[in-house]
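Please work from the sequences and hints to get the whole structure.
Each chain is listed here by its residues.
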Amino acid sequence: MALSRSGRLINKHPGSAAGRLLAVLPFALLLLAYAVGSDIRLSENPNDKLLPSFSSLADAVERMAFEPDKRTGDYLLWVDTVASLSRLGGGVLLATLLGAGIGITVGLIPYARWTMSAFIAVFAMIPPLAVLPILFITFGLGETSKVALIVFGIAPFMMRDLALRVSELPSEQIVKAQTLGASTWHIAWRIVLPQMMPRIIDALRLSLGSAWLFLIAAEAIAAQSGLGYRIFLLRRYLAMDVILPYVFWITLLAVVFDFILRRYQVWAYPWFVSERAQS
Amino acid sequence: MKLFSKTLVALATSMSLMVAGASSVNAEEKKEFKLAWSIYVGWMPWGWAADQGIVDKWADKYDIEIEVVQFNDYIESINQYTAGAFDGVTATNMDTLAIPSVGGVDTTALIVGDFSNGNDALILKGADSLDAVLGQNVNLVELSVSHYLLARALETLGKAEKDVAVVNTSDADMIAAYQTDDVTAVVTWNPLVAEILEIPGANKVFDSSDIPGEIMDLTVVNTETLADNPAFGKALAGAWYETMSIMLSDTPEGAAARAAMGEASGTDLAGYDMQLASTQMFATASDAVTFTTSESVTSTMESVRTFLFERGLLGDGASSPDIVGIAFPDGSVLGDEGNVKFRFNADYMSMAADGSL
Numbered sequence: 001m002a003l004s005r006s007g008r009l010i011n012k013h014p015g016s017a018a019g020r021l022l023a024v025l026p027f028a029l030l031l032l033a034y035a036v037g038s039d040i041r042l043s044e045n046p047n048d049k050l051l052p053s054f055s056s057l058a059d060a061v062e063r064m065a066f067e068p069d070k071r072t073g074d075y076l077l078w079v080d081t082v083a084s085l086s087r088l089g090g091g092v093l094l095a096t097l098l099g100a101g102i103g104i105t106v107g108l109i110p111y112a113r114w115t116m117s118a119f120i121a122v123f124a125m126i127p128p129l130a131v132l133p134i135l136f137i138t139f140g141l142g143e144t145s146k147v148a149l150i151v152f153g154i155a156p157f158m159m160r161d162l163a164l165r166v167s168e169l170p171s172e173q174i175v176k177a178q179t180l181g182a183s184t185w186h187i188a189w190r191i192v193l194p195q196m197m198p199r200i201i202d203a204l205r206l207s208l209g210s211a212w213l214f215l216i217a218a219e220a221i222a223a224q225s226g227l228g229y230r231i232f233l234l235r236r237y238l239a240m241d242v243i244l245p246y247v248f249w250i251t252l253l254a255v256v257f258d259f260i261l262r263r264y265q266v267w268a269y270p271w272f273v274s275e276r277a278q279s
Numbered sequence: 001m002k003l004f005s006k007t008l009v010a011l012a013t014s015m016s017l018m019v020a021g022a023s024s025v026n027a028e029e030k031k032e033f034k035l036a037w038s039i040y041v042g043w044m045p046w047g048w049a050a051d052q053g054i055v056d057k058w059a060d061k062y063d064i065e066i067e068v069v070q071f072n073d074y075i076e077s078i079n080q081y082t083a084g085a086f087d088g089v090t091a092t093n094m095d096t097l098a099i100p101s102v103g104g105v106d107t108t109a110l111i112v113g114d115f116s117n118g119n120d121a122l123i124l125k126g127a128d129s130l131d132a133v134l135g136q137n138v139n140l141v142e143l144s145v146s147h148y149l150l151a152r153a154l155e156t157l158g159k160a161e162k163d164v165a166v167v168n169t170s171d172a173d174m175i176a177a178y179q180t181d182d183v184t185a186v187v188t189w190n191p192l193v194a195e196i197l198e199i200p201g202a203n204k205v206f207d208s209s210d211i212p213g214e215i216m217d218l219t220v221v222n223t224e225t226l227a228d229n230p231a232f233g234k235a236l237a238g239a240w241y242e243t244m245s246i247m248l249s250d251t252p253e254g255a256a257a258r259a260a261m262g263e264a265s266g267t268d269l270a271g272y273d274m275q276l277a278s279t280q281m282f283a284t285a286s287d288a289v290t291f292t293t294s295e296s297v298t299s300t301m302e303s304v305r306t307f308l309f310e311r312g313l314l315g316d317g318a319s320s321p322d323i324v325g326i327a328f329p330d331g332s333v334l335g336d337e338g339n340v341k342f343r344f345n346a347d348y349m350s351m352a353a354d355g356s357l
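Line order of the protein sequences matches chains A and B. In terms of my numbering, the first sequence has 177 at position 177, counting the first letter as 1, and numbering is strictly consecutive. In terms of my numbering, the second sequence has 279 at position 279, counting the first letter as 1, and numbering is strictly consecutive.
Everything labelled a hint here was simulated from the structure, so no lab data went into it. For glycine and all other residues, C-beta sits at the position ideal for the given N, C-alpha and C. Mixed in with the good hints there might be a few duds.
[Claimed, not checked] Under 10 angstroms between C-beta atoms, here's a sample of chain A residues computed to sit facing chain B: (1) Lys49; (2) Ala58; (3) Asp59; (4) Ala65; (5) Pro68; (6) Arg71; (7) Leu135; (8) Leu141; (9) Ser145; (10) Tyr229.
[As the list claims (entries may be wrong)] With a cut-off of at most 27 angstroms between alpha-carbon atoms, the simulated BS3-like pairs for lysine-lysine come out as follows: (11) A:Lys70 with B:Lys30; (12) B:Lys162 with A:Lys70; (13) B:Lys34 with B:Lys57; (14) B:Lys61 with B:Lys31; (15) B:Lys162 with B:Lys204; (16) B:Lys57 with B:Lys30.
The structure is reproduced here in structure tokens:
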């Protein structure tokens, strides 16, 4: 307490109520700015599409999520969500398996490190969106190429990250395991992998943002459904009344996934979380 | 807390001013104007006319300034115009109706530059009759003129869109997409059409010359801005038809102009001439006036608005295609006369034809 009396800004903490208020503040400001901006534009042109009113946003949500589409009879928001999440899930799962498998191998085995680490470092720098035509011709225009784009987008980062984490393990652990007679396979499976699990979750959390980006890019190029497909299709008609709720929905899904991963990490690997809190 | 609420109000006000600032380009008399254009065979003249100082020359004549801005993304240019950041834009008749007009921005077709006469085409892989398209996946930019062309092609067979499966595909990736095995039918526009037709096995089975005059390339301007500033319309029309007379002439100057336009659109003189061959450019203002004042424009807009209405693009509250009024040079109106948001106007083209600019 003595410190906080010194009056320096870095020592002043808000109370818990004020803290919550401060956290809400930027969101409230954004909403307010939107409401005012939308009001001004709509008073000039009641049909303005750029910043629709909250009621037309609500109408669009009602229409996209809770009423069957006039032409197809589908509930578009849910059809799009299922299509996008299955692509995202496939891509992220594959990227995680590849990232963990290759990352751990490269981090642990010198021969693999010499062969792969320079290659992965260079490969990770290729912007996948710039070589899209090659991806198409190789994987076709269907679901495979969308999943492949996500994998190419995030797997190299996960490989590099995990290889780095493996090399950070104290060498005493590896030596000790060897004196107890463990084989390379044993060490990888019993010493390294269990310690990498929470770190894989970290890498996954950091990659999810990019994974969404690549998913939406893939859906913009060729698709018949998906959250990114709908946004890019309706952008042609400046239908911000649908696009904004979709953006909100994507953001919400991403926040929820991040939250779930973090809680799972705390629940499943408490030793890791407490260790990190100490350091 | 007082300071806090003051800051909040100030912040909100400044943010909303930013937003409002972008929308206040329309209305009242002014001196500075902005025209947006994008790369397409029928709109390349704007870029060239700006480079050659032709636009400036005509703007000076009417004592105004016109900034000509090139967009790499066609739809973005229309969206920016609709949001109020530009006074005019190049667009097709269909996109003008669906974006600014439905968006409540009263828009006038000032110059009808050309209509597509083969530039948009349906191409099949390994089949050479139109009815082979039935039951196939068709890759195209959904809700674009390509989609419209497909709908019109299916109409000629007495079929509808449910008889094929449309796959939305970005135009930037159309050529790569065509080369994958699962793509067997595409609808797209030039120069992509020419590029794809060079691939063995590609057959053009329907193109815009089968529906002549229906896909028009326009230069449109904000109606209110034009009413308050006729000088803007006069300068644009003057610059456009001076450019036409140079570029379409069979002279070294004309060839040089077309070569420059070809280069600016990523091809050369031969490539650009080939695209012009499937574009019905109106070389003179009087040709454009004859076309714009003809009956066929009304029937075209009838079929365009029906296409848009069936796809929900005239707004979700729209109970009939009549919701947005479309006015023609003779004063007739298609749809709601109280809500005219798209106007074909031959006045400025007529002035250019009479030489009274």
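Exercise. Checked against the structure, which of the hints given earlier come out wrong?
Worked result: Hint check: 2, 4, 5, 11 fail, others pass.
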